[in-house]
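Residue numbers (the working numbering), protein chains in the order written: chain A, 1 to 107; chain B, 1 to 118.
No lab work stands behind these hints, which were simulated from the structure alone. Any given hint might turn out to be false.
A partial selection of chain B residues facing chain A, derived with a Cβ cut-off under 8 Å [stated by the list, open to error]:
id: 1; residue: W47
id: 2; residue: A76
id: 3; residue: D103
id: 4; residue: D106
Beta carbons: idealized from backbone N, C-alpha and C, even for Gly.
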Amino acid sequence: DIQMTQSPASLSASLEEIVTITCQASQDIGNWLAWYQQKPGKSPQLLIYDATSLADGVPSRFSGSRSGTQYSLKISRLQVEDIGSYYCQQAHSNPYTFGAGTKLELK
Amino acid sequence: QIQLVQSGPELKKPGESVKISCKASGYTFTDYAMHWVKQAPGKGLKWMGWINTYTGKPTYADDFKGRFVFSLEASASTANLQISNLKNEDTATYFCARNYGYDYLDYWGQGVMVTVSS
Numbered sequence: 001d002i003q004m005t006q007s008p009a010s011l012s013a014s015l016e017e018i019v020t021i022t023c024q025a026s027q028d029i030g031n032w033l034a035w036y037q038q039k040p041g042k043s044p045q046l047l048i049y050d051a052t053s054l055a056d057g058v059p060s061r062f063s064g065s066r067s068g069t070q071y072s073l074k075i076s077r078l079q080v081e082d083i084g085s086y087y088c089q090q091a092h093s094n095p096y097t098f099g100a101g102t103k104l105e106l107k
Numbered sequence: 001q002i003q004l005v006q007s008g009p010e011l012k013k014p015g016e017s018v019k020i021s022c023k024a025s026g027y028t029f030t031d032y033a034m035h036w037v038k039q040a041p042g043k044g045l046k047w048m049g050w051i052n053t054y055t056g057k058p059t060y061a062d063d064f065k066g067r068f069v070f071s072l073e074a075s076a077s078t079a080n081l082q083i084s085n086l087k088n089e090d091t092a093t094y095f096c097a098r099n100y101g102y103d104y105l106d107y108w109g110q111g112v113m114v115t116v117s118s
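Just chain B, with the same shape it has in the complex (with noise of 0.2 Å):
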């Protein structure tokens, strides 16, 4: 069955970096794009960008250009996002969800809770 297993919780202090892993199975990794989601404690959801898995090509929203970084292990099937310079605001719990058709997300890890605390 398709799956999206990311890594574990973080705890970081601000100006530290953060490494997220989100690793697929159950389908051809390199089909789907993936997308990165970010929601904030008791917050909604927003969109954060994607990356094309068959290419490597990463896509940004505006409000994520410059500290946020995706990236591919194709052959570990893994999709990762990076952020430097953590920020209070970067307290959240981040997914990755595959895309389907015309970018809606038909699966979803179980999100990793990232909290910057001095």
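Okay, chain A solo, but in the shape it has when bound (with noise of 0.2 Å):
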């Protein structure tokens, strides 16, 4: 199975502060990468796939970038709203493997 590191598993920043959430893979899989936002009490949404893309109606300030086995999700700047827990996902191979979860906390 494809393992998906997500660091950090936690994060205190400031409104309107550049927030950066990365997800390490344990093999290519090439630009399959999506990332989710999950807030407390609530389903998951979709924020970005296929690694840079973003999804329908997602604020402009979020982003996600490649470099190599390694992506990233950067929020450029930090709102209130965007408080809660990011998780990547893998959409290379069966199983479709998350991260391990980043939870978003303001300062």
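Work from the hints to combine the two standalone chains into their complex.
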């Protein structure tokens, strides 16, 4: 199985700050990577797919990038509504594993 | 608008079975596969597998082979998840989610909390 190592596990940041979350794939997954946001008590929401493509309706302050087998999610200017947990997911091969998640809190 | 509406919370005893439904609306059901995702209390997301809503063929992650069954009522635009011989470790919220592109998940149900306790 492909392992997705996500970091950090938790993160405290201030409003308007730049936030970066990373996922390291255990093998080449190309661009088959997505990022999801999950607010407390809610269902996950697709933010980014194909490593860098913004899902419909997602604010442009979210962006995704790739360097080899390392993938990053960047929030350019943190807003209060961005608080929650974030997960990466590889869609290269079965099982489509998720990272362990990053809990983002407000400082 | 596109919606996935799941059935209500369940409280079961170990060894019992449970069936969770996921009713889709706002799109052609058979055009998009349906995935299932497990989230244990306070934990992360775990992909369980998916079902081809056109052919009915299910695909299971290894950890979910045996006691877990994905099925369809295509005429009712509904996907189902049945879990048999429930164990304490099955206590979790189970989400259905629509397939988008290359196995991404674009629309999610609200989740069903299944509690297994004697």
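Hints versus structure:
Because the beta carbon of W47/B sits about 5 Å from the nearest beta carbon in chain A, less than 8 Å, this interface hint is met. Because the beta carbon of A76/B sits about 21 Å from the nearest beta carbon in chain A, more than 8 Å, this interface hint is broken. Contact between D103/B and chain A, as hinted, is supported at the beta carbon level, the nearest pair being about 4 Å apart and thus within 8 Å. Interface restraint check: D106/B against chain A, minimum CB-CB distance 5 Å, threshold 8 Å, status holds.
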